[in-house]
Amino acid sequence: MQQEIDLIAAPPALSPGGYVAKAYADRVQPATKNARVEVVRQGAAWRIALSWPCASPVLSLGDDVDTFVDAAAVLTSSKADTSWMTMGDNGDAVTGVFWRADQEALTGIHAEGLGTVDRLPPPDGVRATSEWKDDRWILQLDFDAWSQLDQQQQIAVAIWQGAERDRGGLKSVSPGWISVAA
Amino acid sequence: MAKRQIAMVLDLNKCIGCQTCTIACKKLWNTDTGTGYAYWNNVETLPGAGYPKEWSGSGGRTSDGEVKRGQIPTLDGEYGRAWSFNHDKVFFRSGDGGEKKPWLRPDRKAQWGANWDEDLGAGEYPQENHYFYLPRLCNHCTHPACLDACPRAAIEKREEDGIVLVDQDRCNGYRFCVEACPYKKVYFDPQRQVTTKCIFCLPRVEEGVAPACARQCPGRLRFVGYLDDEEAPIWKLVHKYGVALPLHPEFGLEPNVYYVPPMSPEKLDSEGRPTGESRIPMDYLVSLFGSRVKDAVKILEDEREKRKSGNPSELMDLLIAYDWNESFALESNRKEVI
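Residue numbers (my numbering), protein chains in the order written: chain A, 1 to 182; chain B, 183 to 520.
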């Protein structure tokens with residue numbers, strides 16, 4: 001499967017707490033307009049290649065206190081109709097991996113609703129390679145196996161542009177689940 | 183809502199700007215690499231730009247109670263990036279680089295830092311020049327903007343004492359709390375990638391010991407205790423006499439650090455005669471502490487006159503802090519454990 005996706009800004013109104021939803025209510029345009037997703041299944045293994053335009057990559061925080069790094073996440077659902085925009089719901093998880101430009105290892109993600117994201121140790125059997133070239137990030141994720149994806153056959157993506165001060169709920173996301181069925 | 187609220191009162195008439203509180207705090211809590219610029223407690227000269235520079239009012243709430251989007255201060259701007267000196271070149275490599283007598287100088291252009299505008303103040307000398315010191319720490323607000331700002335619910339206001347804490351295990355370093363705090367008393371540690379802030383010396387308070395900034399203050403200007411303890415100085419200064427006021431009440435967060443406003447000598451006319459007008463303009467104090475500061479200053483003046491004329495004044499005795507231990511009311515016997 002290969003697909004160009006128009007991304008949307010994750011609605012700030014969904015951000016937990018009383019600040020972000022109001023302070024960033026005007027943030028309705030995604031910092032990253034689109035992304036390219038390519039998914040290949042080989043037996044139990046999955047290869048997911050995600051690329052997106054990024055004119056000003058941020059690869060590390062350095063010792064600055066107002067810098068945010070580029071990042072991306074790829075998730076799948078536990079049910080066909082799991083709510084993506086709310087990062088799942090109680091008892092209805094979204095799971096996947098989180099990549100940051102300043103970290104070699106991936107982080108596991110598990111969430112059951114807004115504000116519930118648990119960051120887990122790097123999942124076994126997943127490798128990431130990344131490259132910034134020609135004003136684009138290219139991120140390739142190789143999963144030896146991803147049983148949840150086997151079952152649901154759908155992913156969703158989120159992208160954070162550090163230069164645009166994306167972080168937390170300030171992100172560009174796929175408008176819904178993307179089918180990876182052949 | 184906290185069941186009890188711990189609070190601090192600082193008498194600005196007694197602060198000498200010695201920074202002992204700053205160092206007591208810094209040495210105790212903030213010596214990690216990523217927190218070099220972070221001062222949970224600092225002392226600013228007012229009028230002045232403070233630390234971080236022009237910190238006031240970025241975040242918090244409008245007068246209508248609406249959330250205001252704030253800014254994250256930068257190391258190259260509002261905090262100022264730390265510099266070192268060319269000691270090696272000056273003291274150990276004389277003549278290195280063709281410079282026979284190199285001057286000791288910073289290794290970068292220094293532009294701002296904590297205490298940068300110390301003792302500058304305002305006003306023409308000698309008629310109206312003035313300044314005073316403002317020690318600042320987290321206000322452990324009743325309605326903390328930082329807590330409201332965290333989408334991770336990583337900031338907690340403790341029920342038992344109202345102390346506001348960051349759970350660094352939950353913090354993901356988004357820094358919305360830094361943005362939202364209009365007092366700019368939340369800091370980001372780029373090494374550990376979490377935010378940090380004053381913990382009101384929680385481990386000390388739990389043992390009945392005052393926070394380090396208060397305990398080490400040579401001027402005895404800090405009072406610590408619970409707002410509802412009617413036998414203790416905090417309640418008397420805040421509620422009974424109304425002379426201790428929160429900083430920038432208009433931010434709408436109900437700070438729990440209070441200040442006894444500074445009084446000042448009179449301005450002089452061109453002949454050097456006192457004019458009867460205070461050097462620190464009342465409008466300036468109102469901009470810091472709200473309109474109640476007018477009453478507070480009047481009460482302080484009246485009580486001071488009462489004491490000067492030989493009459494008793496509980497308020498003046500409290501502020502003088504004859505028995506320093508009475509300034510801290512943290513245990514049932516309201517005595518600090520020494």
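In short, the hints are calculated from the structure, not lab data. A quick note: this is a predicted structure, and the numbers were derived from the prediction, not measured. Any given hint might turn out to be false.
What the hints assert, rightly or not - Covered, in the sense of this in silico footprint (three residues per stretch, anywhere, with C-beta under 8 angstroms from a C-beta of chain A), are these stretches of chain B:
id, stretch
1, 354-362
2, 370-376
Said to hold, decoys possible - In silico DSS-like pairs for lysine-lysine, Cα to Cα no more than 25 angstroms straight-line:
id, chain 1, residue 1, chain 2, residue 2
3, B, Lys-250, A, Lys-22
4, B, Lys-196, A, Lys-22
5, B, Lys-196, B, Lys-476
As the list claims (entries may be wrong) - Estimated spans, in silico, between C-beta atoms of each pair:
id, chain 1, residue 1, chain 2, residue 2, range
6, A, Asp-102, B, Gln-309, 49 to 57 angstroms
7, A, Asp-102, B, Gly-239, 27 to 35 angstroms
8, A, Ser-56, B, Asp-410, 49 to 57 angstroms
9, B, Gly-239, A, Ser-147, 50 to 58 angstroms
Note that beta-carbon positions come from the ideal geometry of N, C-alpha and C, so glycine has one too.
Now for the hints, and whether the structure bears them out:
1. Taking a C-beta to C-beta cut-off of 8 angstroms, the stretch 354-362 of chain B contributes 8 residues in contact with chain A, enough for the three needed, and the coverage statement holds.
2. As drawn, the stretch 370-376 of chain B meets chain A at 4 residues by the rule of a beta-carbon pair under 8 angstroms; at three or more, the given contact holds.
3. Restraint check for Lys-250(B) and Lys-22(A): satisfied, since their Cα atoms lie roughly 8 angstroms apart, inside the 25 angstroms limit.
4. The hinted pair formed by Lys-196(B) and Lys-22(A) fails the criterion: a straight-line CA distance of about 41 angstroms is larger than 25 angstroms.
5. For the suggested pair Lys-196(B) and Lys-476(B), the alpha carbons sit about 19 angstroms apart, so the restraint of at most 25 angstroms is met.
6. The hint said 49 to 57 angstroms for the Cβ distance between Asp-102(A) and Gln-309(B), and at roughly 56 angstroms that hint holds.
7. For the pair Asp-102(A) and Gly-239(B), the beta carbons lie near 32 angstroms from each other, so the given range of 27 to 35 angstroms is met.
8. Between Ser-56(A) and Asp-410(B), the C-beta spacing of about 53 angstroms keeps the proposed range 49 to 57 angstroms intact.
9. At about 52 angstroms, the beta-carbon gap between Gly-239(B) and Ser-147(A) stays in the expected band of 50 to 58 angstroms.
The structure fails hint 4 only (numbered hints given earlier).
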